[in-house]
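Participant: If you want the building blocks of each chain, they are given just below.
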Amino acid sequence: MIFERILLDCFQNIQAERSSSSIYHLLKGKRSIQTVQDAHIYSLDPYYGIYKNISKGYYDKKIQELVKGDLLEKVDEKEMTHNISHQGLVWKNNQSYSLFFKGLLYYDKTDVFIGRLLLLVQTLTNSKMNFYSFIPVVNNPQIELWVRNMFRQVKGSESVILQKIYSELKLCLFQLTEKEANIFVDRLTGYQSYGMSLFQLAKEYEMTVDDIHLILISIIHRILNTLEVNSTKFPVLSTMVDNQSSLSQITNSASETYKYFLNGLTVEQISNVRRLKINTIYDHLVEIALYDDQFPIDQYVNVEEQNEILCAVKRAHSHRLKDIKELVKNEISYFQIRLVLAVMNKQKIGGN
Amino acid sequence: MELDLEHELLKHFHFSTFRPGQKEIIQDVLNGKDVLGILPTGSGKSICYQLPAIIMDGLTIVVSPLISLMMDQVKEMKANHFKKVIAINSFMNFEERREIYRKIHTYKLLFISPELLNQTFIIKLFQGVKVSLFVIDEAHCISQWGHEFRPDYLKLSSIIEKLGTPPTLALSATATPEVQTDIITSLNKPKMVKHIYPMDKPNIAFCVERVENDQEKSEILIPLLKKYKIPTLIYFSSRLAAENFTRYLSENLQDRRVGFYHAGMEPMDRVMIQQQFMNNQLDIVCCTSAFGMGINKSNIRLIIHYHIPLQLESFIQEVGRAGRDGKSSVSLLLFSKSDMLLPNNLIKNELPDENILSNVFRYLRDLSLQDMDLPNDDVQIQNLLNLNETQWRFLRYQLEKHNLINGIKIMDYSEIWKDIYQSIFHVVKSRVKLKIGKLTEINKWIHEDKCLRDTLYQSFQPVHNGAEFQCCSNCGFTWSEWSPEQQEIESSSELNWENKLKKLLLLDNSR
Numbered sequence: 001m002i003f004e005r006i007l008l009d010c011f012q013n014i015q016a017e018r019s020s021s022s023i024y025h026l027l028k029g030k031r032s033i034q035t036v037q038d039a040h041i042y043s044l045d046p047y048y049g050i051y052k053n054i055s056k057g058y059y060d061k062k063i064q065e066l067v068k069g070d071l072l073e074k075v076d077e078k079e080m081t082h083n084i085s086h087q088g089l090v091w092k093n094n095q096s097y098s099l100f101f102k103g104l105l106y107y108d109k110t111d112v113f114i115g116r117l118l119l120l121v122q123t124l125t126n127s128k129m130n131f132y133s134f135i136p137v138v139n140n141p142q143i144e145l146w147v148r149n150m151f152r153q154v155k156g157s158e159s160v161i162l163q164k165i166y167s168e169l170k171l172c173l174f175q176l177t178e179k180e181a182n183i184f185v186d187r188l189t190g191y192q193s194y195g196m197s198l199f200q201l202a203k204e205y206e207m208t209v210d211d212i213h214l215i216l217i218s219i220i221h222r223i224l225n226t227l228e229v230n231s232t233k234f235p236v237l238s239t240m241v242d243n244q245s246s247l248s249q250i251t252n253s254a255s256e257t258y259k260y261f262l263n264g265l266t267v268e269q270i271s272n273v274r275r276l277k278i279n280t281i282y283d284h285l286v287e288i289a290l291y292d293d294q295f296p297i298d299q300y301v302n303v304e305e306q307n308e309i310l311c312a313v314k315r316a317h318s319h320r321l322k323d324i325k326e327l328v329k330n331e332i333s334y335f336q337i338r339l340v341l342a343v344m345n346k347q348k349i350g351g352n
Numbered sequence: 001m002e003l004d005l006e007h008e009l010l011k012h013f014h015f016s017t018f019r020p021g022q023k024e025i026i027q028d029v030l031n032g033k034d035v036l037g038i039l040p041t042g043s044g045k046s047i048c049y050q051l052p053a054i055i056m057d058g059l060t061i062v063v064s065p066l067i068s069l070m071m072d073q074v075k076e077m078k079a080n081h082f083k084k085v086i087a088i089n090s091f092m093n094f095e096e097r098r099e100i101y102r103k104i105h106t107y108k109l110l111f112i113s114p115e116l117l118n119q120t121f122i123i124k125l126f127q128g129v130k131v132s133l134f135v136i137d138e139a140h141c142i143s144q145w146g147h148e149f150r151p152d153y154l155k156l157s158s159i160i161e162k163l164g165t166p167p168t169l170a171l172s173a174t175a176t177p178e179v180q181t182d183i184i185t186s187l188n189k190p191k192m193v194k195h196i197y198p199m200d201k202p203n204i205a206f207c208v209e210r211v212e213n214d215q216e217k218s219e220i221l222i223p224l225l226k227k228y229k230i231p232t233l234i235y236f237s238s239r240l241a242a243e244n245f246t247r248y249l250s251e252n253l254q255d256r257r258v259g260f261y262h263a264g265m266e267p268m269d270r271v272m273i274q275q276q277f278m279n280n281q282l283d284i285v286c287c288t289s290a291f292g293m294g295i296n297k298s299n300i301r302l303i304i305h306y307h308i309p310l311q312l313e314s315f316i317q318e319v320g321r322a323g324r325d326g327k328s329s330v331s332l333l334l335f336s337k338s339d340m341l342l343p344n345n346l347i348k349n350e351l352p353d354e355n356i357l358s359n360v361f362r363y364l365r366d367l368s369l370q371d372m373d374l375p376n377d378d379v380q381i382q383n384l385l386n387l388n389e390t391q392w393r394f395l396r397y398q399l400e401k402h403n404l405i406n407g408i409k410i411m412d413y414s415e416i417w418k419d420i421y422q423s424i425f426h427v428v429k430s431r432v433k434l435k436i437g438k439l440t441e442i443n444k445w446i447h448e449d450k451c452l453r454d455t456l457y458q459s460f461q462p463v464h465n466g467a468e469f470q471c472c473s474n475c476g477f478t479w480s481e482w483s484p485e486q487q488e489i490e491s492s493s494e495l496n497w498e499n500k501l502k503k504l505l506l507l508d509n510s511r
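Chains P and D, in that order, are what the protein sequence lines are.
In terms of our numbering, the first sequence has 328 at position 328, counting the first letter as 1, and numbering is strictly consecutive.
In terms of our numbering, the second sequence has 98 at position 98, counting the first letter as 1, and numbering is strictly consecutive.
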């Protein structure tokens with residue numbers, strides 16, 4: 001029921017201002033400016049990219065189910081929008097179990113961390129038993145490379161490292177429920193003991209495969225959060241975290257634009273150099289504004305206009321660009337409104 | 001210098017003797033001959049190119065039809081400490097591919113799909129290295145009359161020439177005499193040395209049970225699986241059926257560990273299920289035909305077909321995974337009349353029907369009249385025209401063959417288009433006919449009164465070795481006389497997570 005609850009959360013927050021597929025893109029973690037910005041605007045950034053494997057067909061089926069169960073209702077057939085129903089609200093409020101997510105923040109870190117942990121544990125336990133012909137459960141060249149380097153450093157002292165991993169993991173897992181800790185441990189692979197598949201875990205713990213997946217992601221996010229707060233207490237687990245700056249969260253094309261932007265080129269100049277449309281560069285700037293605390297918004301929207309836009313947002317009770325645009329003077333462009341929204345949401349999150 | 005092949009085998013693979021056929025094939029390959037090797041499933045076909053790849057200078061290229069199969073082979077070889085192996089596939093991103101191109105000289109063995117091998121830049125890449133051996137795995141894909149025809153396999157002979165005509169080794173587990181001829185003709189190598197080994201399995205008994213419906217299948221299987229605690233595979237024709245039956249079994253067989261496997265699962269889950277089964281952590285796997293290729297478990301005792309495969313070739317391959325250790329094993333096929341509906345649909349979906357075909361032609365004509373190209377992305381085309389991957393692959397090959405398209409370019413619209421349409425439509429009809437024929441063949445075999453072993457192998461080989469244990473349900477097979485060694489199932493002691501973690505990390509004091 002965790003997955004259903006998260007879906008309803010999403011629909012409740014976007015209030016039918018975006019199509020249903022925008023939530024699909026959000027959960028999948030689509031690297032588009034629109035999706036990242038939506039995540040901020042609707043405070044859905046915790047859920048960004050927490051279900052990277054979901055398929056559109058399955059997502060659509062799930063939405064249909066929710067509509068059929070009267071938890072979700074169609075708003076506009078043509079725009080493909082849905083909203084949470086009254087019954088849905090009641091149902092959702094009765095769900096006591098809630099999970100911790102930091103999807104957008106840990107977008108890159110999640111898979112890297114769990115991949116390194118799984119493969120390192122499998123490698124160390126097998127090597128401790130002098131067994132070198134095992135089939136790795138993780139198949140990712142970068143992660144393999146990291147584990148190989150790590151293994152070279154600690155070879156011979158497997159027991160010491162395993163002991164450390166044990167005590168560090170134990171500290172992390174103590175913060176979870178018994179059931180969650182069990183699920184996490186059952187997923188691990190060791191010497192001649194392969195971990196359980198999602199379906200097997202689902203059966204063992206009498207949950208859906210979706211929920212098992214989400215619980216595992218949530219556990220990883222909680223561990224990452226713990227490590228961030230107190231990395232000195234977790235010397236071994238902390239090495240498994242990929243520490244890139246938050247700017248790496250920007251899409252590739254936008255980060256290219258960002259370099260020119262930092263060199264002081266104007267939008268027109270960047271558009272010329274990169275042979276991209278002006279509107280694309282605008283998209284990039286909005287994305288950069290989301291992450292760069294020093295973004296000079298005043299260069300693009302003067303303070304007066306910023307205030308006018310902020311007032312319009314309040315009056316419109318909506319983040320729908322069209323609604324806001326109608327309430328401000330004609331000279332203010334969609335680009336300026338989006339920039340203000342981006343910065344506004346960043347401050348809201350920072351203030352929390 | 002005479003190489004001591006047994007010594008090399010021991011050194012690299014830790015086997016002291018070759019299985020029948022391996023040494024003969026390897027010797028001919030090392031002597032630079034072109035070889036056609038037909039070796040039964042489970043006889044260690046891959047050693048026939050792995051060992052030469054290690055021994056010979058230069059690069060061995062293996063053409064393989066399935067990405068999952070390639071990945072399994074690479075993983076297994078790496079696990080056996082042979083690291084100079086790589087699989088190139090179309091899912092790799094630019095960075096990963098560039099890394100491979102940069103390091104191409106360091107590899108000894110490279111797996112690739114026939115589709116990718118047809119790309120000019122790939123050929124250029126290989127032309128820069130010494131290709132010492134060219135291997136065609138699953139070579140029956142070459143034959144129009146084979147059960148798994150893959151159009152791109154037909155272009156291999158020109159590729160071999162472009163690579164400087166290295167010795168060529170074509171391997172298959174199933175090939176009727178006519179398919180063998182097709183392989184040799186298509187590769188344009190009339191002097192190929194043939195090494196044909198019988199595919200019959202004397203240690204497997206064949207059992208066919210006709211039932212009325214799925215309910216009866218369950219009524220047979222539950223008591224049977226309760227009685228035999230042995231490594232078991234159950235084949236289904238759909239992913240959903242495999243999943244559902246897994247659920248059903250785990251509810252009804254409390255003391256047995258059941259899992260399922262199909263190509264729609266996450267890669268990590270697939271490795272876990274495969275390896276749990278290898279490792280005796282799982283007793284029964286419900287699977288689709290995706291499972292088993294590259295699986296080297298020697299003590300699978302029972303192979304059940306809950307649904308019939310589409311042809312005898314697949315059946316023989318799947319059954320061949322039982323009893324690789326030579327001990328008595330059983331194949332059980334359950335058949336109800338309604339089972340014929342599903343394969344009929346599967347066959348029809350594999351190829352474009354008349355509707356789809358005229359749709360595609362209309363689309364191409366419109367593009368051609370507007371002087372436009374095809375989209376560069378095959379997936380986009382598939383979605384646009386509502387085709388599945390197999391259908392589009394088939395159509396692309398046919399359209400290119402008639403020069404109606406060339407890459408993304410479309411031929412000018414003219415009267416010839418009608419002829420091309422007719423000719424492709426004709427191919428579709430004859431392919432469907434062939435597949436239906438294959439299905440009829442297996443249906444006929446199921447309803448056979450004579451010895452099932454005789455009739456199963458008769459179109460593949462003139463004689464077979466006979467049964468080592470019980471023969472078949474038509475020759476008086478009885479379950480009561482079959483008592484394979486039962487497997488001990490470790491009772492998983494209920495530990496709390498701390499102790500489980502301790503045990504997993506090898507920190508409990510019992511070790």
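Hints are computed from structural coordinates only; laboratory data are not their basis.
Cβ atoms here follow ideal geometry from the backbone N, Cα and C, with glycine treated the same way.
Treat the hints with caution; some may be incorrect.
[As the list claims (entries may be wrong)] Taking lysine to aspartate or glutamate pairs in the EDC-like style, the calculated list, with each CA pair at most 20 Å apart, reads:
#1 Lys450(D) - Glu158(P)
#2 Lys83(D) - Glu144(P)
#3 Lys164(P) - Glu96(D)
#4 Lys450(D) - Glu178(P)
#5 Lys170(P) - Glu266(D)
#6 Lys179(P) - Glu494(D)
#7 Lys500(D) - Asp186(P)
#8 Lys30(P) - Glu266(D)
#9 Lys450(D) - Glu144(P)
#10 Lys170(P) - Asp508(D)
#11 Lys155(D) - Asp186(P)
#12 Lys28(P) - Glu99(D)
#13 Lys500(D) - Glu144(P)
#14 Lys61(P) - Glu243(D)
#15 Lys500(D) - Glu331(P)
#16 Lys103(D) - Glu180(P)
#17 Lys429(D) - Glu158(P)
#18 Lys179(P) - Glu441(D)
#19 Lys203(P) - Glu389(D)
#20 Lys500(D) - Glu178(P)
#21 Lys502(D) - Glu178(P)
#22 Lys164(P) - Asp508(D)
#23 Lys503(D) - Glu144(P)
#24 Lys56(P) - Asp508(D)
#25 Lys56(P) - Glu498(D)
#26 Lys502(D) - Glu144(P)
[Stated by the list, open to error] To list a few chain P residues with every Cβ distance to chain D over 12 Å, as calculated:
#27 Ala16
#28 Ile63
#29 Gln95
#30 Val137
#31 Lys164
#32 Leu176
#33 Glu178
#34 Asn182
#35 Val185
#36 Thr226
#37 Gln269
#38 Val301
#39 Val313
Participant: Please write out, lowest number first, the hints stated earlier that are contradicted by the structure.
Facilitator: Hints 1, 3, 4, 5, 9, 11, 12, 13, 15, 16, 17, 18, 19, 23, 24, 25, 26, 30, 31, 32, 33, 34, 35 are the ones this structure does not satisfy, whereas the remaining hints hold.
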